[in-house]
Every structure is written in structure tokens, then in C-alpha cells.
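> Assemble chain F onto chain U, guided by the hints.
So the protein lines, in turn, are chains U and F.
Whatever position you read off the first sequence (first residue = 1), add 2 for my numbering.
Whatever position you read off the second sequence (first residue = 1), add 399 for my numbering.
No wet-lab data here; the hints were simulated from the structure.
Some hints here could point you the wrong way.
A few chain F residues facing chain U, derived, Cβ under 10 Å [what the hints assert, rightly or not]: (1) 412; (2) 416; (3) 425; (4) 429; (5) 438; (6) 439; (7) 444; (8) 450; (9) 455; (10) 465; (11) 472; (12) 474; (13) 477; (14) 479; (15) 526; (16) 527.
Positions of the beta carbon are idealized from the N, C-alpha and C atoms, including for glycine.
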Amino acid sequence: MTKEQGNTGKRIGVYICRCGSNISDYVDVDTVCSEVAKEKNVRLARVMMFACADSAQKEIVADITNEPLDAIVVASCSPKLHLHTFRAVAERGGLNPFNYVQVNIREQSSWAHSDNPPQATEKAFNLIKAGIARVDLAEPLMPVTIPAENSVLILGAGVAGMRSAIELADLGSQVFLVEREFFVGGRVAQWGKMATTDQTGEEIVTALYNQIRTRKNIQVYTGAHIISSKGSIGNFNLQIKVVPRYVKPPCDPQGFRKAIEACPVIVDDEFNFGLTKRKAIFHNYKSEFPALPVIDMANCTRCGECLKHCTGINLDQKEEIIDIHAGTIFLATGFNPYEPRPGEFGFGELSNVITLQQLKRLLELSKGEFRFREKKIESIAFIYCVGSRQVDGDNKYCSRYCCTSAIHAALQLKQEFNVPVIYHLNKGIRTYGKQEVLYAQSSAAGDVYLQFVEDEPLLVEIYGEQAKITINDLLTAGQEITVTADLVVLVTGMVPRDNIDLNRILKVPIGKDKFYNEIHPKLRPVETVIDGLVISGCCQGPRNIHESVSSSLAAVAKVYTFINKGEIQLEPTLAIVNPDACEWCGLCLAACPFDAIQMVETGKGKIAQIIEGNCKGCGMCTPVCPTEAIDLKGFTNMEIRSMIEAMSG
Amino acid sequence: MNTPKILVFSTEKISDPALDFAGLMKLHYPASVHAIVLPCSSSVRPEWIIHAFESGFKGVYIAADGSDCPYGESCIAKTAKIVERSHVLMKEKGIPTDRLRMAAVCSVCAEIFVKQINIFAEELNASLKKED
Chain U
3 MTKEQGNTGK RIGVYICRCG SNISDYVDVD TVCSEVAKEK NVRLARVMMF ACADSAQKEI
63 VADITNEPLD AIVVASCSPK LHLHTFRAVA ERGGLNPFNY VQVNIREQSS WAHSDNPPQA
123 TEKAFNLIKA GIARVDLAEP LMPVTIPAEN SVLILGAGVA GMRSAIELAD LGSQVFLVER
183 EFFVGGRVAQ WGKMATTDQT GEEIVTALYN QIRTRKNIQV YTGAHIISSK GSIGNFNLQI
243 KVVPRYVKPP CDPQGFRKAI EACPVIVDDE FNFGLTKRKA IFHNYKSEFP ALPVIDMANC
303 TRCGECLKHC TGINLDQKEE IIDIHAGTIF LATGFNPYEP RPGEFGFGEL SNVITLQQLK
363 RLLELSKGEF RFREKKIESI AFIYCVGSRQ VDGDNKYCSR YCCTSAIHAA LQLKQEFNVP
423 VIYHLNKGIR TYGKQEVLYA QSSAAGDVYL QFVEDEPLLV EIYGEQAKIT INDLLTAGQE
483 ITVTADLVVL VTGMVPRDNI DLNRILKVPI GKDKFYNEIH PKLRPVETVI DGLVISGCCQ
543 GPRNIHESVS SSLAAVAKVY TFINKGEIQL EPTLAIVNPD ACEWCGLCLA ACPFDAIQMV
603 ETGKGKIAQI IEGNCKGCGM CTPVCPTEAI DLKGFTNMEI RSMIEAMSG
Chain F
400 MNTPKILVFS TEKISDPALD FAGLMKLHYP ASVHAIVLPC SSSVRPEWII HAFESGFKGV
460 YIAADGSDCP YGESCIAKTA KIVERSHVLM KEKGIPTDRL RMAAVCSVCA EIFVKQINIF
520 AEELNASLKK ED
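Chain U extracted, bound-state conformation:
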């Protein structure tokens, strides 16, 4: 028994799992069990074949009732797998679920020390002793129950956001779908035919938007962005700013067409990645949604020419601030294409070097012959992994969609535009899964695949009206090969959207790759550490559309579990202040990243107070307290000190 434990008089049951033989092959569980049984306050110790088995769970429940037990320790696998299983067992036995501790003697003992069974046994015993010490001091905790609004704010009306909005609406939630751009559809709206179905982005976006329009519980805001967020899971109070379109419905197509013609302002059209120009009053394509043009006020000179042709234009429209009360926030903000550095494979320096995204738009804009800058294109060289899989750069990741998209575009160039010569200069093609069929089709169509490595990059030079590319081809034992092409396409991958304000307002966790970070890629793949904030689609990392929609539907299911009952139970790992010990120095307030601490006046003076709805249970406030007045439920000072003593034995 540790110094901290004292004599609580708790009646503790300890269950040691063999895990088949995963544990018992290396840990002498019978010896551990007999030693554990001698520990103070341990009333019962048993070895079980599989503690997680239904029969074993029933046995534990019976023990809790019959002995009776006040607390249980299960020594088995990682708590990441069965913490909630055994909490439920404790609860079924009538215990508070937090009077249960799981000790990991599989991953962190039997498997890690399978080279030394005697020491693995000794360690398992120490770990269990620490678990006993902890559970002996554990206070019963009650999950915090708070009301939850059955509504969702979805940020991003791309394919992932729109698909999720439809599902959530059908599940009965009120959905606020907020899109920063003036038109929905995200990046997919920009693509023409896509692998592997040959559906166009426009077709997909149109189908989704038509479904959204039939659902009364989806409210769509375009040209809108979040400007503030207060509250927490179940009750987020959010504000969005809606930027005016300066155009109001009903739309008179003739009038708008004339207004666009009359507009004297000409700027690069970002929808076509600068390949074409647009006016300050514009729309992207015929079936764009909402089907209403917009005035780009950053470039509009307010000359008034458009007003002469169209009564639907109002240059005095004001921005709106909308208050939204939502139970959860759903991020589906998508990605940006990687923008090559000036000079990277000739980009920006050679006139016939473009990106994959520009090629996709060019394909959409082309009819009959494939031309670039008036020149008929007879040969194309794709250079892969530009901005992805960088050994020395920031983007170490594979962008997953670009190999497939490039090869699909190459097939389209061959089949629809009869471009005869296509080279694929790659670092290894990753058309995984069903997409491999496209690679086979491209190879069969005569496309030439050459492979390079990061250490020996390609050299792209100007060669008359063409580009000359020199490669040390890995597939021919590093032989230097030179190819010439009318057009060079840099197969650029994905980078995160520039969401600086959104990230600051929502405190979105960001990973090393700068994409949004989930709690655990396998166990909690769409949740973030911010309770009630889920991530989906390409804002979480590179994905193709299929994967993006799959992840968004996973996020829909998770969101639904949060808000469908009208109330939410939170983990009770919260900071707690001892008002008698607190002398209010403000250090805890400064340490808290979640605005979960406030100063309050009491009869005895100023003290810290925890705002439970904001506290995430990180514990950052605890080490800074000079009077040890602040503690963390579930990880208390006494519990940890007691565990240290138990382990040291």
C-alpha cells in the first residue's frame, strides 16, 4: 500500500487476462495473481482466459454484486481497446464506471518484453499494483450531462459537405451549410470528367444541390464565413458573416448577360486557374449554384455600367451577420491544389508548363482539337509528384488522387483529342485499388512511363516551341533519356486550404502535414480534441472523392450520436479548484488554451473557477499552480503520486 492510499477500506477486485496466450505466454499470470491477492484492500484476484468475453464480463458483474466489490482493476490489453467495455461492466455491476482502472499488461509488458518473461512478469505485477493504488484513491465521477441542440453547422459546401448535409437533414437535424465561396461545389465543380465513372464535377454538384433544395431543414449560406464561436459541444453559439453578392433574385438572364458584357473590368478567372479572364460581375458555368451571378467587389470599380442593363444589381447591399446555434461543427473545407514555386520544373518560366488542375480546366474548355495558347498539342509530358512526397520539403505525403487523375486525363486526351504522344515521368505510379485499370488502359494505349527519383530530379528546358526534359530513367537502369513535348503538365497534389481565421476561431488541431488532425487515425478518425468538432474529406488530408465522401459519412454518423438524444455525456476529466488553497495568481488562466478558467470573487477573495463546458481536461493548468490548488479529476495529484510509489516497488 502506498503512503497516499492510507486505508480507504475499499474492496477491490483484480482480473488478470491471459488474452488467450498473448499475455500468459510471457507473463506468469498465476504468480502475479497470487501476489496481487496479497495487496491491501484486494478482496479477490482472478485469472481469466479472455476478460473481454461475455462470460467473463458476467463473472465480473456477479463478483461485484456478490462479494461485494467497490472497485475493479482489469489487467489486460491497452485501454484504447476495451476501456469502455469494462466501464460498462462496472456499471452493470452497480459500480461507478470510474471506480475501474484498466492496466495494460499486453502491449506494454508481455509483448514489449517477450524477450524476458521473468522481467515481464515483474513489470506486470508493478503495473497492476499501480492500478490498484489508483483505483483505491479514485473518486466516483459522474459524466457531465449537458443539453445538445440537434443542429449542425457544416463549413464547406463541396461534395463532402453537401453529401453530409443531405444525410444529416434526413436524420432529422437542422443543417446550416456555410460556403466561403459564392458558389457551392468546392473543387469538384471545377473538374470535368473524373475517374473512374467519367461523371463530370458539374453533374455531381448539380445532383447534390438539387437534393439539398428539396430539404427544408438545410439552410445554405454562400459567400459566408465564420467570425466567432462561443460555447461547446451541444451548444455552440456561432456567428457567420455573409458577404453580399450585390445581385438579388429573381435573376433576369438577359439582363445579367448584358451587364457582364458591359462590365469594363477584366481579371484572371480563378475558376479556370488563370487560363481565361472574367469580368468583375461573373458566374462560373451555366448550372452553377446558386444560379445567380456575383459582383467581385475587390475588383469592381463601381462604374455603374452594369446597372444600366440590369435592375437586379444593387451595389449598396450590406453584409449580414447571422447568429447560429448548433450542437456540433462539421468541417469539410477541402483542399487547395499545390502551387509550384516559380521555376519548379519550369513553372512560371516556360510558357508551356501548366499544372494538372489547369489541364483539367483546359480539357473542359476544349472542343475538337486540343490547343494551348493557339498551338495544337501533339505531345504531352506529365511530371508526377510535384508538391507531394517531398523528401526535403514540407509535403512528405502522397496526395492520393493525382496519379489517377493525370492518367485519366491522359486517356481523355488520347480518346477525345487524339493527342498521339504522352509521357508519364513519375516516381512510381499509385493508381491503387480499382483505379489500376486506368493505368493498364493507358499503358495499352501506348503511353510511355519513365521513372525518376528525388535524388536525380528532372531537368526541364526550353527547346524551340517545345520543352525538353532530361531524365535518368530508373526503369532502364538509370539511363539518361531526353524527351520533348509541346506541353508539360505538372501533376500537382493537395495542400490545406488557407483557413487562418477559421483555425484561430475554432482552435482546430492541425497536424504536422498542416491538415486537420483527428484524435486517432483508426480508433477515432473523424473526431478532434475539440468535443463536437468533427473533420471530414480533404481538410483532414489528401483523398479522392470516394474516400472523401466515405469519411464525411463517418463524420455524419459520429455527429448524429452527439446530438440525436438531445443531451450529451462528457468525460469527467475536468480541472477542479480547491477554493481554500487557491490564492488567485492567474497562472492557471494563462496556461489554459481553452478559456476554461475565470477569476471569481468570493467572500474570502479572488479565486479561480473552472468553466466546465470549455475545459478539455488537458491538465495544463495543474503544474503551474504554486499552491497545488488545482487538480485534474481522474488524474489527481494523489493518484499519480500513489502510482509512482507502487511502480517503484
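Relative to the frame of chain U, chain F by itself:
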């Protein structure tokens, strides 16, 4: 070989999964390494580190969240501050400061963790032998 007892402070969402992963891959490190799991490496109290040394541990290793911390980037500076404050307390107690190590261990950094903890154990062993 007798290996010195090392206490690891790992974190629920980041570094402890790496320790689990090491076990899953049967990567071996001394069985005298014991871990206590916390929500975040910025929640380690310097007093716990001193308590560990006074209870018989010869080394303490903070397997920090680093830039992966789900609670935000401030974790890096805060954990560093905890190490700094612990060093002051260790000096006051006459405990060599190199007995406390801190390194960022990501959720899949099993090999890195095992490599580092093995090196730490070897260095501690050598240092303790010298003392003897």
C-alpha cells in the same frame, strides 16, 4: 543486465499509442521502464518527477506530445518549461539533471521511442556504474 528503473510519462492520445505500437511490433526495451499515462505532457508536475526519484526511479522520461498535441501548439513550450522547473528542483536535491529526458514521441513513433529509451537506459547504467 540489470537496467535502471525509468518512469515514463506518456500521453493518452499521442505518445502512449506509440508505446502500445512498440509492444505490438515486439520491439524490446528494458522491462524496468514503466509508463504512467496522462492527458498531455504539459500536465506533468515537476513534483512528480522529484517524487519518482525519491521513490527509487533512476531516470524519468517525458514522452511529449510535441507538435502533435491535440490540445494545441503551446504544449511544446509548456512541457519545456516543466523540464526547466524540474531541473531547478533536481539541482536543489542533488539529482543530476541528465536523469530527466524529454522528447516528442508521435503516436506511431514506436521505433524512435524504443531507440531513445534504450539509449537512455544504457547511459543511465553507465552513469550509475561510475557513481558506484
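> With reference to the structure, classify each hint as holding or not holding.
How the hints compare with the structure:
1. 412: Hint holds; residue 412 of chain F Cβ to chain U Cβ min 6 Å, cut 10 Å.
2. 416: Status holds, d = 7 Å.
3. 425: Result: holds, 6 Å to nearest chain U Cβ.
4. 429: It holds, given that the least Cβ distance between residue 429 of chain F and chain U is near 8 Å, below 10 Å.
5. 438: Because about 5 Å separates residue 438 of chain F from the closest Cβ in chain U, which is inside the 10 Å limit, the hint holds.
6. 439: Holds, because the Cβ-Cβ distance from residue 439 of chain F to chain U comes to roughly 4 Å (cut-off 10 Å).
7. 444: holds, 5 Å
8. 450: holds, 5 Å
9. 455: This interface hint holds because 4 Å falls under the 10 Å limit.
10. 465: holds, 9 Å
11. 472: Hint holds; residue 472 of chain F Cβ to chain U Cβ min 8 Å, cut 10 Å.
12. 474: holds, 7 Å
13. 477: The hint holds - residue 477 of chain F has a Cβ within 10 Å of chain U, the shortest such distance being about 6 Å.
14. 479: At about 12 Å, which exceeds the 10 Å cut-off, the nearest Cβ of chain U leaves the hint on residue 479 of chain F violated.
15. 526: Status violated, d = 19 Å.
16. 527: violated, 16 Å
Of the numbered hints listed earlier, those contradicted by the structure are 14, 15, 16.
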